[in-house]
Amino acid sequence: MSMSGIMSFSILGTGMSVPENIVTNDDLSKLVETSDEWISQRVGVKERRISTTETAVDMACEAALAALENSGVKPEELDLILAATISSETICPSVSCMVQKRIGANCMAYDINAACSAFLYLLETAAGYFARNKVKKVLVVGTERLSKLLDWTDRGTCVIFGDGAGAAVLGEGSGYHDSVFTVVGGDEVIKIPNYIGDSPFFKGEAEPPHIRMNGQETFKYAVNAIVSDVRHILVNSGLSGEDIAHIVPHQANKRIIDSAAKRLGIDYEKFYMNIDRYGNTSSASIPIALDEMNRKGMLKRGDKIILTAFGGGLSNAACLITW
Amino acid sequence: MTIFEKLAEIIAEKVDCDVSEIKPETKFDSLGIDSLDITEIVMSVEDEFGIEIEVSSDLVCVSDLVNKIEELTN
Chain G
762 MSMSGIMSFS ILGTGMSVPE NIVTNDDLSK LVETSDEWIS QRVGVKERRI
812 STTETAVDMA CEAALAALEN SGVKPEELDL ILAATISSET ICPSVSCMVQ
862 KRIGANCMAY DINAACSAFL YLLETAAGYF ARNKVKKVLV VGTERLSKLL
912 DWTDRGTCVI FGDGAGAAVL GEGSGYHDSV FTVVGGDEVI KIPNYIGDSP
962 FFKGEAEPPH IRMNGQETFK YAVNAIVSDV RHILVNSGLS GEDIAHIVPH
1012 QANKRIIDSA AKRLGIDYEK FYMNIDRYGN TSSASIPIAL DEMNRKGMLK
1062 RGDKIILTAF GGGLSNAACL ITW
Chain A
38 MTIFEKLAEI IAEKVDCDVS EIKPETKFDS LGIDSLDITE IVMSVEDEFG
88 IEIEVSSDLV CVSDLVNKIE ELTN
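Line by line, the protein sequences give chains G and A. Residues 762 to 1084 in the working numbering are what the first sequence spells out, letter by letter. Residues 38 to 111 in the working numbering are what the second sequence spells out, letter by letter.
Be aware that one or more of the hints could be misleading.
What the hints assert, rightly or not - Here are the simulated PhoX-like cross-link-like pairs (lysine-lysine), alpha carbons at most 25 Å apart as the crow flies:
id	chain 1	residue 1	chain 2	residue 2
1	G	Lys835	G	Lys862
2	G	Lys1031	G	Lys1057
3	A	Lys51	G	Lys1031
4	G	Lys807	G	Lys1065
5	A	Lys64	A	Lys43
6	G	Lys1023	A	Lys43
7	A	Lys64	A	Lys105
8	G	Lys835	G	Lys807
9	G	Lys1015	A	Lys51
10	G	Lys897	G	Lys1065
11	G	Lys1023	A	Lys51
12	G	Lys897	G	Lys835
Stated by the list, open to error - Computed from the model, here is a short list of chain A residues facing chain G with C-beta under 8 Å:
id	residue
13	Val52
14	Asp55
15	Ser72
16	Leu73
17	Thr76
18	Glu77
19	Met80
Read the hints as simulated data drawn from the structure, not as lab findings. This structure is a prediction, so every number in the text was calculated from the model and none was measured. The beta-carbon is built from N, C-alpha and C at its ideal position, and this holds for glycine as well.
Next comes chain G alone, as it looks inside the complex (with noise of 0.2 Å):
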């Protein structure tokens, strides 16, 4: 989908909120039978950040503000807010409501949930905005406090995730090029079941509100769409690996993304990698990720950056951006 002639959108600024509570995988090893050496080899994480008092919503809000100040925007400026969460505390209002409330906003605001690829989806209907020329100034959020869904006595899973929201202002522009978009419906693979509620009425079977997830599977599936979906990029791009100054993955372990960068046969360098300090933060950690970039002086203004999601659905997406 080549934009041009289409207005599309640019980064206009990034922020980044994660919770105080710095939890280790020493931490960790006093509540579940795991070690240090074990989370660390099989998921490359080393310490996430846990919520004692932080909100989804709380954190959606710090980094809009930073994103908001990053990019000189004011709130009032803003023409929609579009949040991804899987984790919020209320199911309405949704979070974008919640925010354009507390920042000072005046514009529509709705959620998506997509999962661990949903920052792309906020993109991808972002630039649909922008092409019909509806929007100037737009804010994207993801934010999770993933902590509430998890079984802390299940070594497998308490250990991969962390909580965390990320935000970018996006304003009018050429910088959202190709994109690509996969659904493969299922909840064997990945399955984080609802509240079932108490109706006399219904009688299906409550199952434990947690993240539960095939490690193996999902591996598998994360590895396959990291690849196809960049060398997808890539191809319709007519752009090499060398082109691309950056990629920047959805955060799920470590070792997905080496075995993804090993197939693909481009730069390892060029995979930005926190989830050491972060963990897996779903829908949060892609603009997490572009934020530390940004604020380190990592991205240069005309710098390629794919981006790449995977995650429950199942579901996987990429895109193309200017910086």
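Since the structure of chain G is already known, use the hints to place chain A on it.
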């Protein structure tokens, strides 16, 4: 080349050892291969043999995987 020989090559490349060290009865964990390494080996096998294998915890030694490949290629 037999299925076992091809698989031994894939495993030797993955763990960076001599192919002669890999026998049908060799256990994956004796080569320092963990569950995610097995998944990666299965993915290489899928590419090599054009089959799809469900990754499961019953893959303990090299011959387990050979049997699975034989099942799916016959």
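Exercise. When the hints from earlier in the document are held up against this structure, which numbers fail?
Worked result: Failing hints, ascending: 4, 8, 13, 14.
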